[in-house]
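Residues in the sequence shown are numbered consecutively from 44, following the numbering used here.
It cannot be assumed that every hint is accurate.
[Said to hold, decoys possible] In the BS3-like style, the derived pairs of lysine-lysine whose C-alpha atoms are separated by at most 27 Å in a straight line are:
#, residue 1, residue 2
1, 123, 86
2, 115, 87
3, 115, 86
[Said to hold, decoys possible] DEER-style ranges, computed between Cβ atoms:
#, residue 1, residue 2, range
4, 173, 80, 36 to 44 Å
5, 72, 189, 44 to 52 Å
6, 81, 107, 16 to 24 Å
7, 178, 72, 38 to 46 Å
8, 148, 186, 16 to 24 Å
9, 57, 131, 31 to 39 Å
In case anyone wonders, no lab produced these hints; they're calculated from the structure. Ideal Cβ placement from N, Cα and C applies to all residues, glycine included.
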Amino acid sequence: MAATRPPNETQVSTNLPGLTHHITGHSPSGSAIIESTRPAHWKKILDNTFGFNVVYTTSEFPVSLNNNADIKTYDEVLAKGQLGLVNPNGTVARMVDFAPGSEPLMHRTQSLDYGVVIEGEVEMVLDDGVVTRMRRGDVAVQRSTNHGWRNTSETEWARMFLCCRSARR
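Just need the whole structure built from these sequences, with the hints factored in.
Now the structure itself:
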């Protein structure tokens with residue numbers, strides 16, 4: 044799919060649109076406002092075969108929204124540059140771009156994950172060899188299982204939205 048917005052400055056995939064994060068809050072009178080609007084910042088992974096963009100993360104759940112404590116914590120976590128796939132006791136929402144023909148990186152996290160295909164087609168690969176093709180709008184619910192994602196295209200990038208919450212086993 045051709046980009047309808049130019050890619051973000053740090054974006055690896057050039058055929059997918061750039062992203063903007065709009066974070067809401069409340070005015071002193073209590074009405075809804077936009078606290079900030081930020082261009083997405085991408086982290087390049089494994090020789091530029093993946094791009095990670097943290098849309099938002101919290102370090103506790105339920106999260107405290109008082110005095111924008113969550114926004115301050117989000118900024119601090121990103122500034123440290125040490126966020127893993129999950130944020131223990133919190134949540135992580137991220138966009139992930141997959142290069143054409145990239146091989147799945149098998150991994151297991153101690154989390155409940157929701158993965159939504161935004162652009163392209165992605166195969167969900169499980170450790171028992173089962174492969175499920177997912178198309179735009181399809182959702183996978185990963186329950187601490189060993190899995191990987193594979194972009195099915197040989198020419199176009201694919202994008203998923205992933206939201207993770209730490210889990211107990």
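### Message
Within 44 to 52 Å: is that where the Cβ-Cβ distance between residue 72 and residue 189 falls?
### Response
50 Å Cβ-Cβ, so the 44 to 52 Å window holds.
### Message
A range of 16 to 24 Å was offered for this pair. Does it hold for the Cβ distance of residue 81 and residue 107?
### Response
holds (21 Å)
### Query
Does the hinted range 38 to 46 Å hold for residue 178 and residue 72 at CB?
Given about 44 Å between the Cβ atoms, the range holds.
### Task
Verify the proposed pairing of residue 115 with residue 86, using a straight-line Cα cut of 27 Å.
Given that 27 Å is the threshold and the Cα spacing comes to 21 Å, the pair holds.
### Query
Should the hint that residue 173 and residue 80 are 36 to 44 Å apart at their CB atoms be regarded as holding?
holds (41 Å)
### Task
Kindly confirm whether 31 to 39 Å is satisfied by the beta carbon distance between residue 57 and residue 131.
Holds: the Cβ-Cβ distance is about 34 Å, inside 31 to 39 Å.
#### Entry: Pairwise beta carbon distance, residue 148 to residue 186, judged against the given window 16 to 24 Å
Holds, at about 19 Å.
### Message
residue 123 and residue 86 were given as a pair; does the straight-line alpha-carbon distance stay at or below 27 Å?
### Response
holds (13 Å)
### Query
Given the hint that residue 115 pairs with residue 87, does the C-alpha gap stay at or below 27 Å?
holds (24 Å)
In terms of the numbered hints stated before, the structure departs from none.
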